[in-house]
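Visitor: Residues per chain, in single letters:
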Amino acid sequence: MSNSVIIGQYVPGQSLVHRLDPRLKMIMVFLFIIFIFLANSWMSYLVLTLFALLSVVTTRIAPSFVIKGLKPVWFLIIFTFILHLIVTKEGDILFSIWNFDVYSGALWKGLEISLRFFLLILMTTLLTLTTTPISITDAIESLFQPLKRIRFPVHELALMMSISLRFIPTLMQETDKISKAQASRGVDFRTGTIKERLKAVVPLLVPLFVSAFKRAEELAMAMEARGYKGGEGRTKFRELKLKPMDVWIFILFIIVLITFWILRT
Amino acid sequence: MSQPNDISFQNISFQYPQGDEWALKDVSFHIEENEWVAIIGHNGSGKSTIAKLMNGLLTPQSGRIHIKGLEVNEENIWEVRKKVGMVFQNPDNQFVGTTVIDDIAFGLENHGVQRDEMLKRMKYSLEAVKMEGYENHEPHNLSGGQKQRVAIASVLAIEPDIIILDEATAMLDPIGRNSIMETVDHVRSERDVSVVTITHDLNEVLFADRVIVMNDGEVWKEGTPREIFNLHKELGEIGLDTPFVTQLSNSLKSEGIVLNQEPLTHKELMDELWTFYSRT
Amino acid sequence: MDILFENVSHIYQKNTPFEFKALEEVSFHIPAGSFAAIIGHTGSGKSTLIQHFNGLLKPTSGHIRMGDFNITAEKKVKDIMDLRKRVGVVFQYPEHQLFEETVEKDIQFGPKNFGLSQDKIDSRLPEVLKSVNLPEGLLSRSPFDLSGGQMRRVAIAGVLMMSPDLLVLDEPTAGLDPRGQKEMMDMFSRVHKETQRTTILVTHSMEDALKYADYVFIMNHGKLVMEGTPLEVFQKEEALNQVGLAVPEVIKFLHAFESRFGQSIPFKGQSIQELAKEMTEIVRRGVKDE
Ligand SMILES: Nc1ncnc2c1ncn2[C@@H]1O[C@H](COP(=O)(O)OP(=O)(O)OP(=O)(O)O)[C@@H](O)[C@H]1O
Ligand SMILES: Nc1ncnc2c1ncn2[C@@H]1O[C@H](COP(=O)(O)OP(=O)(O)OP(=O)(O)O)[C@@H](O)[C@H]1O
Ligand SMILES: [Mg+2]
Ligand SMILES: [Mg+2]
Chain A
1 MSNSVIIGQY
11 VPGQSLVHRL
21 DPRLKMIMVF
31 LFIIFIFLAN
41 SWMSYLVLTL
51 FALLSVVTTR
61 IAPSFVIKGL
71 KPVWFLIIFT
81 FILHLIVTKE
91 GDILFSIWNF
101 DVYSGALWKG
111 LEISLRFFLL
121 ILMTTLLTLT
131 TTPISITDAI
141 ESLFQPLKRI
151 RFPVHELALM
161 MSISLRFIPT
171 LMQETDKISK
181 AQASRGVDFR
191 TGTIKERLKA
201 VVPLLVPLFV
211 SAFKRAEELA
221 MAMEARGYKG
231 GEGRTKFREL
241 KLKPMDVWIF
251 ILFIIVLITF
261 WILRT
Chain B
1 MSQPNDISFQ
11 NISFQYPQGD
21 EWALKDVSFH
31 IEENEWVAII
41 GHNGSGKSTI
51 AKLMNGLLTP
61 QSGRIHIKGL
71 EVNEENIWEV
81 RKKVGMVFQN
91 PDNQFVGTTV
101 IDDIAFGLEN
111 HGVQRDEMLK
121 RMKYSLEAVK
131 MEGYENHEPH
141 NLSGGQKQRV
151 AIASVLAIEP
161 DIIILDEATA
171 MLDPIGRNSI
181 METVDHVRSE
191 RDVSVVTITH
201 DLNEVLFADR
211 VIVMNDGEVW
221 KEGTPREIFN
231 LHKELGEIGL
241 DTPFVTQLSN
251 SLKSEGIVLN
261 QEPLTHKELM
271 DELWTFYSRT
Chain C
1 MDILFENVSH
11 IYQKNTPFEF
21 KALEEVSFHI
31 PAGSFAAIIG
41 HTGSGKSTLI
51 QHFNGLLKPT
61 SGHIRMGDFN
71 ITAEKKVKDI
81 MDLRKRVGVV
91 FQYPEHQLFE
101 ETVEKDIQFG
111 PKNFGLSQDK
121 IDSRLPEVLK
131 SVNLPEGLLS
141 RSPFDLSGGQ
151 MRRVAIAGVL
161 MMSPDLLVLD
171 EPTAGLDPRG
181 QKEMMDMFSR
191 VHKETQRTTI
201 LVTHSMEDAL
211 KYADYVFIMN
221 HGKLVMEGTP
231 LEVFQKEEAL
241 NQVGLAVPEV
251 IKFLHAFESR
261 FGQSIPFKGQ
271 SIQELAKEMT
281 EIVRRGVKDE
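Here the protein sequences come in this chain order: A, B and C.
Every letter in the first sequence is one number past the one before it in my numbering, and letter 127, counting from 1, is 127.
Every letter in the second sequence is one number past the one before it in my numbering, and letter 67, counting from 1, is 67.
Every letter in the third sequence is one number past the one before it in my numbering, and letter 224, counting from 1, is 224.
Honestly, the hints are just simulated from the structure, not real lab data.
We treat Cβ as the ideally placed atom computed from N, Cα and C, and that holds for glycine.
The hints are all genuine.
What follows is a list of derived Cβ distance ranges for each label pair:
#	chain 1	residue 1	chain 2	residue 2	range
1	B	P17	C	K252	45 to 55 Å
2	A	K89	C	F20	46 to 56 Å
3	B	E71	C	T16	49 to 59 Å
4	B	H186	C	E274	37 to 47 Å
5	C	R65	B	G223	51 to 61 Å
6	A	F152	B	P17	30 to 40 Å
7	A	R149	B	H137	34 to 44 Å
8	C	E278	B	G223	24 to 34 Å
9	B	E71	C	E237	44 to 54 Å
10	C	N70	A	G105	50 to 60 Å
11	A	W248	B	H137	24 to 34 Å
12	B	E71	C	I272	45 to 55 Å
13	C	Q270	B	I175	21 to 31 Å
14	A	F152	B	Y124	35 to 45 Å
Dumping the calculated EDC-like pairs for lysine to aspartate or glutamate here, alpha-carbon to alpha-carbon at most 20 Å:
#	chain 1	residue 1	chain 2	residue 2
15	C	K252	B	E268
16	C	K21	C	E74
17	C	K268	C	E207
18	C	K76	A	D188
19	B	K267	C	E249
20	B	K68	B	D161
Using the sequences plus the hints, can you model the full thing?
Guide: Here you go:
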């Protein structure tokens with residue numbers, strides 16, 4: 001199992017952010033992302049960054065854990081930054097390394113893009129770190145409810161999503177188990193030419209498919225045995241209700257956005 | 001049907017579409033209200049097929065099945081599934097919800113139970129399987145035994161008349177197995193429910209009032225555990241085992257010890273030996 | 001293969017909030033040629049332990065010696081392929097690893113990966129098929145058309161083809177009917193005796209441990225809490241109950257017998273018939289005494 005990548009992983013907790021209504025959380029992250037791309041002055045970036053950092057602190061998840069988890073993305077961020085340094089040729093020449101002239105505009109642009117990228121990843125990661133996948137599914141089902149009128153299968157989609165979410169850890173364990181079993185039979189997944197490595201995937205994929213198929217079959221059987229016959233006539237256990245706290249936090253968020261708007265040039 | 005049978009199979013024959021042999025051949029039996037029946041038999045003898053026929057997951061080619069007097073057919077199928085709760089072998093492949101509470105909710109939602117009622121039923125079914133406090137646990141953080149107890153809770157919440165356990169303990173360790181059997185026993189002491197356990201574990205058979213032995217798609221014998229384990233030789237011939245106590249008492253008998261009844265538990269055998277010992 | 005564990009610990013997902021200590025300071029020695037059983041409740045770390053035997057997992061601390069191979073946290077295992085060739089592992093539900101089009105190809109898959117010559121494979125195949133009790137007629141069938149028990153035998157055949165020095169079995173009888181279980185265990189016992197190899201069995205069945213093993217290890221929450229011959233370990237009913245395990249039925253019965261009749265029948269591996277004889281003697285004596 002992957003030990004370092006935390007994107008998409010939920011960390012249980014009781015913080016304010018954890019308890020926030022998932023629909024609001026999703027809307028907030030969505031708005032935040034849009035606003036990232038509307039930022040154009042260093043003051044407006046400052047507001048967004050402060051808000052993001054405040055959010056991190058509020059989750060009560062160790063910042064070092066969040067930062068370490070973003071490791072694979074750090075590489076992308078730094079790469080984007082360097083790319084800009086090389087490609088962009090605006091403003092004054094600040095200094096040169098070897099034959100490269102580094103322009104001030106490039107530095108600014110590079111920083112800006114990297115920051116945007118960083119904030120975007122950070123906020124979406126915070127969303128998944130503090131919201132159970134099932135709450136996200138609930139939020140989507142609730143937010144998309146209007147689409148039901150145009151016969152969009154919102155319920156089925158939500159159910160499918162929640163079942164996939166439910167089985168991701170199981171399938172990951174399964175993958176781990178089968179790859180260990182095949183490694184014990186002398187399959188080498190790590191070395192060799194590309195062709196050899198591709199060939200090594202077959203003994204992993206075939207059993208995985210077979211087992212996923214069998215699981216799906218048994219699951220369908222179990223669902224039927226438990227009386228599942230589609231969305232018709234079904235009641236709903238999970239219901240989302242806005243709490244006063246949710247409203248207050250949302251108002252605060254709007255104030256932040258207004259401040260942001262004022263600080264834009 | 002007039003008699004108070006919970007389950008009745010009349011001359012059931014069944015063949016899988018891809019199968020080249022009959023999985024069940026002219027199978028008939030009855031299970032009474034509040035009875036605990038164990039079904040045993042070698043791998044492939046047709047036990048799971050019987051279980052799946054009971055709630056209409058499969059349809060027989062010939063014969064009739066009644067559940068609580070209701071014939072199992074297209075029309076009644078959803079009614080039947082309200083009456084029959086089923087727990088399968090693999091704890092992972094029947095856990096639909098992302099958390100314990102969601103899994104119990106799944107069945108309740110399917111049957112259109114209102115939310116207030118759901119909360120009530122969730123509470124008592126979790127209590128019955130001793131999983132209070134695990135409401136928000138995710139399946140991959142539970143042991144196999146805990147997942148199976150949740151599966152039982154999900155079934156209980158539907159308030160079925162019949163609970164079928166198809167090798168529900170096969171993938172568990174001895175502690176997990178015991179706790180499942182105790183859970184079922186406890187449930188039965190609190191409410192009226194028939195239980196059908198399908199198992200290879202002889203200790204589980206001892207919980208049952210009656211045993212149905214399957215062999216090659218046919219009912220080979222029916223009787224109390226005592227009657228069935230008396231047939232140790234014949235059982236051996238169809239690939240089944242007898243419990244330690246039965247084996248020991250048979251050896252004792254051939255040593256000339258007279259036992260009055262066929263003992264099934266350590267205590268029963270010990271008491272018999274004691275009677276023999278203290279007889280003048 | 002001589003096996004030596006010295007203070008071996010294993011921590012899953014180290015340095016994350018999900019960190020989990022699955023093995024803690026485990027030390028033991030299994031001499032070459034022995035049949036050892038590892039017992040413990042669910043999650044006690046048995047599977048984690050056996051994955052160290054062929055280098056699928058490395059200890060987070062401590063030192064392992066498998067024959068001539070050394071496994072530690074710091075160093076990469078040298079010649080890991082060679083180690084895996086000599087340590088055959090039959091995982092829980094090994095039928096899940098089958099993937100080839102025919103039974104024959106699947107059985108040959110491991111041996112080919114480890115560089116066994118076709119001649120050697122061909123000469124070993126009939127013998128291995130016989131010991132796992134698979135008819136040769138099945139060789140050209142797809143492994144997915146077989147019954148569960150047969151699929152398992154195919155997977156085991158693939159491991160036996162390597163004639164490994166150490167055979168590791170993780171709950172090999174799970175899900176089989178009583179006859180299937182007995183046949184499977186008798187087969188492993190036979191294979192163990194015929195060759196001089198070391199066998200390690202992970203099991204939940206006290207009965208099997210008593211019957212087949214000459215040494216047992218009891219695990220509890222990642223720690224090794226008891227070890228010894230089955231007769232020694234299974235005498236300690238209290239201690240076993242404390243880690244959630246029961247003693248085999250025979251021993252339990254003999255204990256009860258002793259407290260009822262005041263006379264002990266020491267268990268030294270007698271068959272049920274022999275025990276019945278000894279009990280009869282005691283019980284009859286009682287009749288005469290009156
Ligand atoms: N989906 C299927 N398609 C074709 N044949 C099947 C299918 N399921 C089961 N069978 C066959 O039907 C027969 C009875 O199977 P069943 O699953 O009822 O046995 P069982 O007694 O439950 O065995 P086990 O102890 O292994 O669970 C077997 O011969 C089996 O091979
Ligand atoms: N890849 C993993 N990541 C994190 N934790 C793990 C991982 N694999 C196992 N564990 C945990 O380590 C502990 C020991 O697991 P292990 O599989 O070794 O137990 P076991 O004794 O084999 O149990 P069983 O009898 O159920 O097979 C368990 O609590 C398990 O949840
Ligand atoms: Mg079955
Ligand atoms: Mg294990």
